[in-house]
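**Q** Below are the chains, spelled out letter by letter.
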Amino acid sequence: MSHEELANPELAGVEVVQDSGDLSRSDVILKGALAAGAVYGTFMVGPYVRKALAMSGGSDVDILNFALTLEYLESTFYKEAKTRAKASGELKSLIGMLADDEQQHVEALTATIKKLGGKPVAEPKFDFPYSNTAGFLKLAQTFEDTGVSAYNGAGPMIKSKEVLGAAGSIVQVEARHAAAIRLQNKEEPAPEAFDPSLDEAQVLKAVEPFIA
Amino acid sequence: MPESNEREKAGAPAQSAVARAVKDPVSRRKFMALTGGSAAAAAFLAACGSDSGTTTTTSTAMSGGSSETAQFGKGDIGILNYALTLEYLETAFYADVVKSGLFKGADLATIKKFGEEEAEHVSALTAAVKGLGGKPAPEPKTEFPLESAKSVLELAGTVENLGAAAYLGQAGNITSPEVLASALAIHSVEGRHAAALNTLLGTSITPDGAFAKPATAKEVLKSVEPFIVS
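Here the protein sequences line up with chains A and B, keeping their order. Residue numbers for the first sequence, in my numbering: 1 to 212. Residue numbers for the second sequence, in my numbering: 1001 to 1230.
Since the hints were made in silico from the structure, they are not lab data. Virtual Cβ for every residue (Gly too), placed ideally from N, Cα, C. Hints are supplied without guarantee of correctness; some may be wrong.
What the hints assert, rightly or not - Below, simulated PhoX-like cross-link-like pairs (lysine-lysine); rule was C-alpha separation at most 25 Å, straight line:
1) A:186 / B:1104
2) A:186 / B:1213
3) A:114 / B:1213
4) B:1113 / A:138
5) B:1150 / A:186
As the list claims (entries may be wrong) - Pair by pair, the computed Cβ-Cβ distance ranges are:
6) B:1146 / A:115: 46 to 54 Å
7) B:1201 / A:83: 50 to 58 Å
8) B:1130 / A:211: 43 to 51 Å
9) B:1095 / A:86: 41 to 49 Å
10) A:117 / B:1139: 47 to 55 Å
Unchecked claim - Residues of chain A clear of chain B, computed beta-carbon distances all greater than 10 Å:
11) 122
12) 123
13) 212
Same shape as in the complex, but just chain A (with noise of 0.2 Å):
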């Protein structure tokens, strides 16, 4: 994303359009990319923001219980991993480090919830596709970017100071293991100078294909 499309205000509108059709994934994450790479004219990101305010507008509950889902299938998805994705060496310690972060992920947000007096969602069931470390790398690539860009476009819709600082110190832990895959995929950590945000819908839609 070159310095002007940043710049151009026309890239908040970009999200609008999300709910029109049938979007692949990586189509759903640009957008997402988009809409937040208009943070870079001051207030542009404005929009975007009360947009998702306006869609979701759910409780500090309901959005701590959307982000367990993801932890879920984090979770899930690494643990899976240690033996499914054929790893050795520095990636087979990596992996295990990151079922052991998302786990405790899981927990805390369980624990949290409960305390807030509501009731944590049931652990979905989940089908990863793929069946070598290239297709495994690939996918933690998306679910660590897309846990990164959740969080990130929740965060301002977060109404406890003590929950927002929660989730914050969450996102920073998926954006460091999703520089570190990135690394392992020969691919830039930090792509973009702002990490795009996404809205509830538009993480469902990304992590829907992997409910079974």
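Place chain B on chain A using the hints.
**A** Below, chain B alone, put in the same frame as chain A:
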């Protein structure tokens, strides 16, 4: 939605009692306490099973309020100017490193890329301060010890990890949802930079474990003080 978002209210022209309460940082904290904010804090701290050290750091950062960035301006402007000062520092650091000739090839490309991204953060934050009607903080004069490739990478790692912690420490103090969205978009990029540098250094990508720790403005400013000449 039956319950509107207080952040949205804070930015709205309608001045209900709630909107006024959340706009004023002090009343806002009282308001949060009344509406269960403190219960949420207790919930998360318990949920994370943090050790006492984490709990202390977190609660310090949370309760510090925006007053700790008051020297940079009021409220969100102060927070943005504080971030701008850090981004100026990072931009200058990477520019000096590129000039030092200590790096070549892929490592140099990474350093250049990170430096460009920090420069974009500077532009965005400057525009955001102006957008709020504030005066952008001046660019500080900086000086960094650039002795060897290894020590420079270590310093880069320190600076980026600190930068990520600095944004995390301020997230809860931000009033405007737009400013928060922008800060979050930068925060995770700083996290990515930090993890990439930690990877180059062969250290853990997540030095704080599964939950990143915030840093207060006081802690951060003290750490960067040695690099600011004026």
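**Q** Which numbered conditions among the earlier hints are violated in the structure presented, ordered from lowest to highest?
**A** Those not satisfied are hints 2 and 7.
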